[in-house]
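The listed protein sequences correspond, in order, to chains A and B. Just so we're aligned: the first sequence equals residues 547 to 739 in the numbering used here. Just so we're aligned: the second sequence equals residues 19 to 313 in the numbering used here.
Hints in this document: simulated from the structure, not taken from any laboratory. Just so you know, not all the hints are guaranteed correct.
In silico lysine-lysine, DSS-like type, Cα no more than 27 Å apart, as pairs [stated by the list, open to error]:
| id | chain 1 | residue 1 | chain 2 | residue 2 |
| --- | --- | --- | --- | --- |
| 1 | B | LYS135 | A | LYS711 |
| 2 | B | LYS261 | B | LYS293 |
| 3 | A | LYS713 | B | LYS261 |
| 4 | A | LYS731 | B | LYS261 |
| 5 | A | LYS731 | A | LYS711 |
| 6 | A | LYS661 | B | LYS221 |
| 7 | B | LYS293 | A | LYS711 |
| 8 | B | LYS261 | B | LYS221 |
| 9 | A | LYS707 | B | LYS304 |
| 10 | A | LYS711 | A | LYS661 |
| 11 | B | LYS220 | A | LYS661 |
| 12 | B | LYS304 | B | LYS293 |
| 13 | B | LYS135 | A | LYS707 |
| 14 | B | LYS220 | A | LYS662 |
| 15 | B | LYS293 | A | LYS707 |
| 16 | B | LYS220 | A | LYS731 |
| 17 | A | LYS713 | B | LYS293 |
| 18 | A | LYS662 | B | LYS221 |
| 19 | A | LYS707 | B | LYS261 |
| 20 | A | LYS648 | B | LYS221 |
| 21 | A | LYS711 | A | LYS662 |
| 22 | B | LYS221 | A | LYS707 |
| 23 | A | LYS731 | A | LYS713 |
| 24 | B | LYS304 | A | LYS711 |
| 25 | A | LYS713 | B | LYS220 |
| 26 | A | LYS731 | B | LYS135 |
| 27 | B | LYS221 | B | LYS293 |
| 28 | B | LYS220 | A | LYS648 |
| 29 | A | LYS711 | A | LYS648 |
| 30 | B | LYS261 | B | LYS220 |
| 31 | A | LYS713 | B | LYS221 |
Note that the structure is a prediction, hence the values are computed from the model and not measured.
These are the residues of each chain, in order.
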Amino acid sequence: MKNATLPPLTFLREPGAAPDPAGLAEVQDIVRACMQCGTCTASCPNAHAMDLTPRRMWRMLLFGLFEEVFQSRTFWLCSACYTCTLRCPRGLPLTAAMAALKRLAAAGDDAANRKKALFYQEFMRNVEKNGRVQETGLMFHYFLAMRDPLLPLEYTPLGLKLLRKGKLHFGGGGQRGALAPLFGKVREMEARP
Amino acid sequence: MKYAYYPGCSLETSAMEYDVSCRRSLERLGAELADIPGWTCCGASAVEPVSRLLTFALPARNLALAERETAGLDLLVPCSACYLNHLRVGRECAADRALPGRINEALSVEGLHYAGKTRVRHLLDVLSADVGAEAVAAAVRRPLEGLTVAPYYGCQALRPYPLFDDPEHPRSMTPLIEALGATVLPWDLGGHCCGASLMATKKEAALVSVAAILAGAEGADAIVTVCPMCQMNLEAYQREALKAGGHGNPVSVLYLTQLLGLAFGLSEESVLLHKNLAVTGALTDKLRACAAAEA
Ligand code: SF4
Ligand code: SF4
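Starting from the given sequences, assemble the full structure and let the hints guide the process.
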């Protein structure tokens, strides 16, 4: 049922390996100038659901406590609202750091983290195949990939609402395949050492 | 006024009412739109957690097409996530000297080239800076008297690049809504995150944000949005969020362009109001009273 004709959507060096040291160093560099003021934590709309506050997580990263950071759910809870990036008195691009942690965790050997990355992976797989996102196919493949029989039920009311409004499309868009060359090239470029 | 137009994937499907009302209300305002032939997905908010290079290469592909096909025109983008993705390419290229070369190496597989010549504009920027409240007022045929509206800006139209509004106290919608004859609800949640794609990955956390926004909109006949993701989170998950939050009342959620269209005299069908997932009877009663007053 999976998109058998497509190469696996990994932009990862080696799926299942420990987080890339160069990538970790890059995230450390992003937050190197953090002065621990806590503005990011105070600004974050999702801090209530995080186990580590963003401020604390930056400090742990700088101390090299990578395992603890990748065990936490903090960076998965970033909704890219950019409030912390806007307000950080040091002008650090913290939203980009959160995204970089998601990429590193997806490439790491932790199965739970790899599963949390599936939504984004399935989304991009859908884009690669269709050129434009096909929301129906996206949710279908996401549910399959998650292997959680209860998950589809959670989103059934939404699906029904959209169906009733004539907003679910099962066909392909006019740009099917248009992005295959670009994805292929980027995959090749990112695989270079 | 002529713009290159990037609707983005949502506006083709689940947010078709945004696309249609955007095209129709802009037409009333004398703005012309040129579609970019062959545009593709910009990666939305899913691409950055997957690949850094693709984060820039996907929107750069559309910008390269715009440079070739609609040269000289600003690119008008109604979706805030698409807007940020396209805007960010130029910003990051200015900061990272190696990036333009890498982007163009990737685009070379299709013989495309990105030079960074296109100015990326959010629909709200165009409405408030290029069109202006005066021209909006002049297009009104059916003033929305008696309607109280909560302007919801969301995140990515304002942050991290505050180009046309104050990101801490956004107010660019206020003169536009007042030009329609409606009243603006004073509230401070207009820039509070709706949870965005957390609604798919961590629903409980996103519902907390939606519940807070809905509670803050108490007293408004409608919340208006300028982003399909915000719109979806506020309308499709409204009932769940109200239940999770424990208070607040159902409220209508419309795209800003639907409100413009209605005030310009377009019919409810013409702005696809029947496609919205949260429209209360109280709102349609008021809208029909406005229409009756005009007749
Ligand atoms: S706002 Fe900036 S300086 Fe302050 S704790 Fe957060 S990252 Fe550090
Ligand atoms: S960008 Fe992410 S981490 Fe920063 S405040 Fe927003 S949700 Fe929190």
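Checked hints:
1. B/LYS135 - A/LYS711: violated (39 Å)
2. B/LYS261 - B/LYS293: This hinted pair holds, its Cα atoms lying about 23 Å apart.
3. A/LYS713 - B/LYS261: Judged against 27 Å, a Cα distance of about 25 Å means the pair holds.
4. A/LYS731 - B/LYS261: violated (47 Å)
5. A/LYS731 - A/LYS711: It is violated: about 38 Å lies between the C-alpha atoms, which goes past 27 Å.
6. A/LYS661 - B/LYS221: holds (16 Å)
7. B/LYS293 - A/LYS711: holds (6 Å)
8. B/LYS261 - B/LYS221: Within the cut-off at roughly 13 Å; holds.
9. A/LYS707 - B/LYS304: Answer holds: A/LYS707 to B/LYS304 is near 25 Å, not above 27 Å.
10. A/LYS711 - A/LYS661: Violated, at roughly 32 Å.
11. B/LYS220 - A/LYS661: holds (13 Å)
12. B/LYS304 - B/LYS293: Measuring from Cα to Cα gives roughly 19 Å; hence the hint holds.
13. B/LYS135 - A/LYS707: Judged against 27 Å, a Cα distance of about 41 Å means the pair is violated.
14. B/LYS220 - A/LYS662: This hinted pair holds, its Cα atoms lying about 10 Å apart.
15. B/LYS293 - A/LYS707: Roughly 10 Å separates the two Cα atoms, so the pair holds.
16. B/LYS220 - A/LYS731: Violated - the C-alpha atoms of A/LYS731 and B/LYS220 are around 32 Å apart, more than 27 Å.
17. A/LYS713 - B/LYS293: holds (8 Å)
18. A/LYS662 - B/LYS221: holds (13 Å)
19. A/LYS707 - B/LYS261: holds (18 Å)
20. A/LYS648 - B/LYS221: holds (18 Å)
21. A/LYS711 - A/LYS662: violated (30 Å)
22. B/LYS221 - A/LYS707: holds (18 Å)
23. A/LYS731 - A/LYS713: Measuring from Cα to Cα gives roughly 33 Å; hence the hint is violated.
24. B/LYS304 - A/LYS711: holds (23 Å)
25. A/LYS713 - B/LYS220: Within the cut-off at roughly 24 Å; holds.
26. A/LYS731 - B/LYS135: holds (24 Å)
27. B/LYS221 - B/LYS293: Answer holds: B/LYS221 to B/LYS293 is near 24 Å, not above 27 Å.
28. B/LYS220 - A/LYS648: holds (14 Å)
29. A/LYS711 - A/LYS648: violated (34 Å)
30. B/LYS261 - B/LYS220: holds (17 Å)
31. A/LYS713 - B/LYS221: Holds - the C-alpha atoms of B/LYS221 and A/LYS713 are around 22 Å apart, at most 27 Å.
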